[in-house]
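Each protein sequence line maps, in turn, to chains F and A.
The numbering of the first sequence is this note's numbering, which starts it at 1 and goes up by one.
The numbering of the second sequence is this note's numbering, which starts it at 266 and goes up by one.
Among the hints, a few may not be true.
Stated by the list, open to error - 27 Å max Cα-Cα, derived BS3-like pairs, lysine-lysine:
#1 LYS62/F <-> LYS16/F
#2 LYS409/A <-> LYS67/F
#3 LYS454/A <-> LYS16/F
#4 LYS185/F <-> LYS454/A
#5 LYS221/F <-> LYS206/F
#6 LYS67/F <-> LYS406/A
#7 LYS62/F <-> LYS406/A
#8 LYS149/F <-> LYS382/A
#9 LYS316/A <-> LYS184/F
#10 LYS407/A <-> LYS185/F
#11 LYS843/A <-> LYS859/A
#12 LYS814/A <-> LYS785/A
#13 LYS367/A <-> LYS303/A
#14 LYS454/A <-> LYS60/F
#15 LYS477/A <-> LYS467/A
#16 LYS185/F <-> LYS142/F
Bear in mind the hints are in silico, worked out from the structure with no lab data behind them.
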Amino acid sequence: MKPLQPQNEYIEQHIKQHGRRLDHEERKRKRIAREGHKIAKDAQTLKGWRGKQFAQKRYKEKVAMKKKIKAHQESKVKGPTEPLENNDEALPTYLLDRQQTNTAKAISSSIKQKRLEKADKFSVPLPKVRGISEEEMFKVIKTGSKKSKAWKRMITKHTFVGEGFTRRPVKMERIIRPTALRQKKANVTHPELGVTVFLPILSVKKNPQSPMYTQMGVLTKGTIIEVNVSELGMVTAGGKVVWGKYAQITNEPDRDGCVNAVLLV
Amino acid sequence: MQLTWKDIPTVPESNDLLDIVLNRTQRKTPTVIRAGFKITRIRAFYMRKVKFTAEGFEEKFQDLIGGFPNINDVHPFHRDLMDTLYEKNHYKVSLAAVSRAKTLIEQVSRDYVRLLKFGQSLFQCKQLKRAALGRMATIVKKLKDPLAYLEQVRQHLGRLPSIDPNTRTLLICGYPNVGKSSFLKCITKADVEVQPYAFTTKSLYVGHFDYKYLRFQAIDTPGILDRPTEEMNNIEMQSIYAIAHLRSTVLYFMDISEQCGFSIEDQVKLFHSIKPLFANKSVLIVINKTDILKPEDLSQERQDLIQEMIQGNSSIEIMTTSCHEEDNVMTVRNKACEKLLASRIEQKLKGTARVNNVLNKIHVSRPTPRDDIKREAYIPNAAKALTKYDVNDPNRRKLARDIEEENGGAGVYNVNLKDAYLLEDEDWKQDKMPEILDGRNVYDFLDPDIAAKLQALEEEEEKLEAEGFYDSDEDFDSENEEVQEIQEKAKWIRDKQQMMINSARNRKALKNGGTMPRSKLTKSFNELEEHLDSLGHDTSTLVNKKNAKLSANRYKESGADVVYNETGPSYKKQPAYKTDRLNDGVSDGSLRSKTDRLAKLQRRERNREARQGEGDRHATASLPKHLFSGKRGVGKTDRR
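Turn these sequences into a full structure, and let the hints steer you where they fit.
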């Protein structure tokens with residue numbers, strides 16, 4: 001009869017029956033003891049991609065270790081780290097005015113705050129953008145049977161094309177927006193909530209490069225778009241549900257293949 | 266149907282999977298690209314990278330999904346076992362997550378390849394590739410938990426014993442610690458752990474043994490406690506599923522010494538509560554540990570309790586054994602095997618499908634009797650008179666076997682085939698017949714009717730002789746010369762015909778050359794004349810005609826002609842047999858001028874276009890200088 005194949009938890013069973021090899025504990029201890037040497041050797045000898053991976057892993061480990069040590073040390077410090085407030089004990093005079101701010105100071109700061117807010121209305125997260133030349137934006141397409149005519153242009157950037165858009169007859173179409181480069185949705189981040197949602201684009205409000213690009217719906221870094229935020233369930237001060245909201249594109253869509261934007265709130 | 270899953274490929278962790286695939290991409294795709302290359306080449310370079318990576322992931326995922334069994338396709342026993350061990354829904358969700366990741370990666374690769382087709386620069390293409398690989402990596406990283414779970418399942422699945430649900434099976438069940446594993450150890454070679462505490466066995470174990478030259482499997486199950494199935498834990502559920510799904514003989518083990526920690530009443534109760542699972546199965550109650558306490562030593566009420574178990578079902582039997590002392594173990598085993606075989610045969614017979622399958626193919630037709638006459642089977646009288654053969658009868662018939670015995674038995678005696686020959690004369694049977702005579706095969710010259718034929722020939726000869734057929738006559742001298750002359754002529758004609766045929770054949774034979782059309786062959790007048798002569802025609806008229814034509818066609822110069830026809834056709838002396846193609850068929854001057862005009866008109870168009878006509882012959886230089894001189898650069902030999 002053929003001996004049976006091991007079944008179920010045969011490894012544990014074997015250890016239970018026969019024990020481990022006699023030097024198991026010693027080997028284990030030694031391996032742990034040699035670990036530092038092994039890491040040092042790896043750090044010195046590993047090259048290329050593996051070296052990079054090793055360094056990354058090591059870095060992470062070190063960060064984790066430092067954090068742990070810090071937490072450990074903090075736990076050892078006796079007493080609370082911050083002085084308790086309102087503990088009904090008399091404070092020395094030199095500490096008294098530390099908590100209360102000067103009224104004059106408060107007023108000035110509030111004015112500053114207001115001014116900032118006013119300016120904020122017109123500020124956007126990305127105030128400056130790189131200029132894009134027409135050569136970069138458009139690709140000339142040669143037409144005619146001898147390819148001698150060069151009045152057609154193809155937009156090389158991603159574009160937003162409205163829902164009801166119909167192309168002109170191919171013969172007449174001067175500017176082509178390739179279907180492959182059309183975008184309908186954007187990853188929009190709510191800066192205060194810190195969440196990112198995939199929302200449909202409603203329109204292109206302004207392209208900082210040129211009003212012509214705005215008209216054509218070109219999506220480049222810094223473009224202001226209108227997005228459909230009905231999914232977020234935002235409510236106006238008057239209690240109405242907000243439908244569309246502006247957002248600014250924060251990445252170069254033609255490099256990432258997607259549109260990332262930050263909501264303007 | 267698959268029973269073991271020992272060869273599922275290992276499932277790497279998500280990080281490892283990422284490393285494997287990206288490493289492969291790095292190794293197996295080209296790595297050098299420069300901004301100066303053609304943009305199509307740059308695009309293709311990066312598209313290849315994206316596609317290759319996606320393919321790598323897809324391949325890995327496909328292997329993974331294909332390796333794991335589809336939980337709906339396996340045997341119900343295995344399905345339930347897997348459900349309890351791995352949680353069916355969790356298993357399905359994990360595999361679904363993997364397959365979804367596969368489709369997502371396909372989608373990402375498609376999208377980015379499409380975008381790469383519009384890449385304008387190396388940097389842009391590179392960024393797009395980076396984004397694509399990054400998104401694939403994100404998808405894979407999200408698979409961390411499913412992959413870890415699947416790896417565990419793989420390891421456990423590989424260590425499951427291979428239980429065949431359809432083979433002959435003994436199933437050992439009962440309370441914990443009643444001696445199930447030790448029984449399995451007694452009857453098979455299985456390496457099962459036996460310990461003196463409850464729930465030593467936490468999963469199913471299989472052992473094999475032979476009985477009556479048949480292979481049986483015995484399955485040891487974990488102990489069951491008497492409680493509703495909803496409250497049972499995974500360990501107990503394994504036993505329940507084994508009992509429910511396997512066609513087997515169930516050995517219900519009991520410990521009446523109560524060393525296991527459960528009273529006899531409890532054990533009887535458990536038997537009754539799992540009784541519904543024993544439907545269509547033969548059951549044997551085995552009372553174990555008789556070395557400690559025998560059933561006879563029990564109090565009467567308790568004995569009654571045990572006897573109560575088998576009431577109402579005659580097929581259940583009680584047996585006693587002691588695994589510790591190996592007492593009565595083999596009888597229990599054999600009994601169980603007998604019961605199992607009997608029940609299996611019974612079930613086979615019960616299945617009407619099998620019987621019907623055979624019956625469907627058989628049809629016995631009985632003709633309806635047309636009258637009252639009895640038609641009995643015809644038995645020849647010789648057969649009737651034959652006495653029944655009996656070996657012990659001294660007057661029995663002599664068989665070929667007996668003859669063989671008489672002549673030295675098997676190996677010595679040779680059957681004489683000549684005895685069975687059917688010949689005209691019995692005496693000929695044993696005659697020796699030569700096969701070869703004078704170097705010839707006798708059978709090739711055998712003719713059975715040779716005597717009759719010879720007879721007929723001789724008679725005919727005699728008859729002819731009597732009629733005077735062979736008498737000679739000498740009266741054909743007179744006609745002899747005449748006949749000879751005719752024969753000579755005929756011979757000449759035959760020769761002539763043969764010669765003509767041969768010459769025609771010679772003419773027709775191609776002999777590696779082309780055939781000239783008959784119309785293009787020129788034959789001189791002399792040849793014609795000779796031929797006609799040979800045929801016996803008179804050629805004098807023909808010769809006269811020819812001479813007249815020659816004299817008529819000769820150009821006679823006159824003064825007026827010289828003045829008139831200065832630019833006209835030059836009257837060079839032409840051979841007589843050539844036709845004047847310029848003037849042929851032109852009867853008078855008006856026709857002449859008309860043909861001239863027409864020819865001019867035809868030529869005009871061609872001349873206007875200045876086409877190269879057939880007349881424009883040009884021999885190109887065999888060694889054109891511009892193609893064969895100067896230094897060789899990057900161009901080809903034929904275009905410089």
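Hint by hint, work out which the structure violates, then give me just those numbers in ascending order.
As far as the earlier hints go, 1, 4, 13, 14, 15 and 16 are violated by this structure, in ascending order.
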